[in-house]
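Please model the complete structure; the sequences and the hints are all you need to start from.
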Amino acid sequence: MARFTLPRDLYWGKGSLENLKTLQGKKAVLVLGGGSMKRFGFVDKAVAYLKEAGIETKLFENVEPDPSVETVMKGAEFMREFEPDWIISMGGGSPIDAAKAMWVFYEYPECTFEEILTPFSFPELRKKAKFCAIPSTSGTATEVTAFSVITDYAKGIKYPLADFNITPDVAIVDPELAETMPKHLVAYTGMDALTHAIEAYVSTLHGTFTDPLALKAIQIVNDELTKSYDGDMASREEMHYGQCLAGMAFSNALLGIVHSMAHKTGAAFSTGHITHGLANAMYLPYVIKYNAKEAEAKKRYETIAAYLGLEASVDALCNRIVELNNYMGIPNTLKEFGIKEDEFKEKISEIAKNAVGDACTGSNPRSIDPETMEKLFTYIYDGKEVDF
Numbered sequence: 002m003a004r005f006t007l008p009r010d011l012y013w014g015k016g017s018l019e020n021l022k023t024l025q026g027k028k029a030v031l032v033l034g035g036g037s038m039k040r041f042g043f044v045d046k047a048v049a050y051l052k053e054a055g056i057e058t059k060l061f062e063n064v065e066p067d068p069s070v071e072t073v074m075k076g077a078e079f080m081r082e083f084e085p086d087w088i089i090s091m092g093g094g095s096p097i098d099a100a101k102a103m104w105v106f107y108e109y110p111e112c113t114f115e116e117i118l119t120p121f122s123f124p125e126l127r128k129k130a131k132f133c134a135i136p137s138t139s140g141t142a143t144e145v146t147a148f149s150v151i152t153d154y155a156k157g158i159k160y161p162l163a164d165f166n167i168t169p170d171v172a173i174v175d176p177e178l179a180e181t182m183p184k185h186l187v188a189y190t191g192m193d194a195l196t197h198a199i200e201a202y203v204s205t206l207h208g209t210f211t212d213p214l215a216l217k218a219i220q221i222v223n224d225e226l227t228k229s230y231d232g233d234m235a236s237r238e239e240m241h242y243g244q245c246l247a248g249m250a251f252s253n254a255l256l257g258i259v260h261s262m263a264h265k266t267g268a269a270f271s272t273g274h275i276t277h278g279l280a281n282a283m284y285l286p287y288v289i290k291y292n293a294k295e296a297e298a299k300k301r302y303e304t305i306a307a308y309l310g311l312e313a314s315v316d317a318l319c320n321r322i323v324e325l326n327n328y329m330g331i332p333n334t335l336k337e338f339g340i341k342e343d344e345f346k347e348k349i350s351e352i353a354k355n356a357v358g359d360a361c362t363g364s365n366p367r368s369i370d371p372e373t374m375e376k377l378f379t380y381i382y383d384g385k386e387v388d389f
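Under our numbering, the sequence shown has 27 at position 26, and the numbering climbs by one with no breaks.
Just so you know, not all the hints are guaranteed correct.
Listed next, the in silico DSS-like pairs over lysine-lysine satisfying Cα-Cα at most 27 Å (straight line) [what the hints assert, rightly or not]:
id, residue 1, residue 2
1, Lys385, Lys354
2, Lys131, Lys39
3, Lys15, Lys228
4, Lys128, Lys59
5, Lys228, Lys156
6, Lys46, Lys184
7, Lys156, Lys376
8, Lys348, Lys385
9, Lys300, Lys290
10, Lys156, Lys348
11, Lys22, Lys39
12, Lys131, Lys28
13, Lys75, Lys52
14, Lys59, Lys129
Label pairs and their in silico Cβ distance ranges [unchecked claim]:
id, residue 1, residue 2, range
15, Gly16, Pro66, 40 to 48 Å
16, Gly208, Glu71, 34 to 42 Å
17, Asp370, Glu19, 22 to 30 Å
18, Lys294, Glu71, 39 to 47 Å
19, Asp212, Asn63, 36 to 44 Å
20, Lys59, Gly273, 33 to 41 Å
21, Gly273, Gly55, 40 to 48 Å
22, Phe165, Met234, 27 to 35 Å
23, Lys128, Leu311, 43 to 51 Å
24, Glu324, Lys15, 25 to 33 Å
25, Glu65, Phe165, 22 to 30 Å
These are calculated hints, taken from the structure and not from any lab test. Glycine is no exception: its CB is placed at the ideal position from the N, C-alpha and C atoms.
Below, the structure written as structure tokens:
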């Protein structure tokens, strides 16, 4: 028996932010990132719609990219003081992910972060509040998923939190918010969406309900991403919907080791943070080659290639991904990204061990151990053809 979970309501299309005025409640905390939503006027619109609904709103602002455990705990304390019955987050994946984790500690102050690291171990939510997510970027799809990624900077590790409890009650997918994205963010979030869809399609937990969503999302990214990157707002709108479809797929089929690797390298090196979507884009072709040694995964990658009108081969699919990376200036190796060789060699053994232990590894179509993971990372560092 399998499970398929989505938000209760999903509003989409230009101007769909207005649906905030249909929410029923008394108090809301609006969780925000670095300020772009305020600068572009969306926060004022949201607060006005909530006021029209009779909901008093307080802002929790300045959630950092890749939100920390400390920010989550601070936000939960803010909520406990105000006692909202709606938690609403608007912006990129970071404030929405942070708000999801805040939700847990708002409702369960005695809970510890360590207690929710085990996938699907959360306490029952919605005792105090419901959750509404409004994405401004087109990649994480956290507005429709059962996932949140929180960073422990002291350990240099990103923790993927997973539980159907944190699937939002309401998602508002308004493409007008995505029109504000800078080019580099279009690139990174778009490749994140592509990785979500491909990993969901080959996951050991893929199924009848997730496969069509994943394939459609892959097709949209293939057709629209570079046009969106170049400023075509019709393509930007399609990407906003495509990434949401990818999220519906992976939230239910789960992911694979591209994400395991990205989670454990994002904050690991001193030469600079490896943005999540960039890491996924860089690792994806290598992981496809690794997974394709497993017959069923190979067949499914070939199906993806054929669906895109390419030659039905693993090489054709990988070449297309590299083509997208090159078009948008995304590096294809860790060396090209700028990771120093000495630091890479010093840290990679521990990183590999952590990546194997990541929550996403279990649904990867081919198993992997720490030694093999370290070898795979080494091939990615140098840009070598994966042949094992």
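Looking back at the numbered hints, which does the structure fail to meet, lowest number first?
5, 15 and 17
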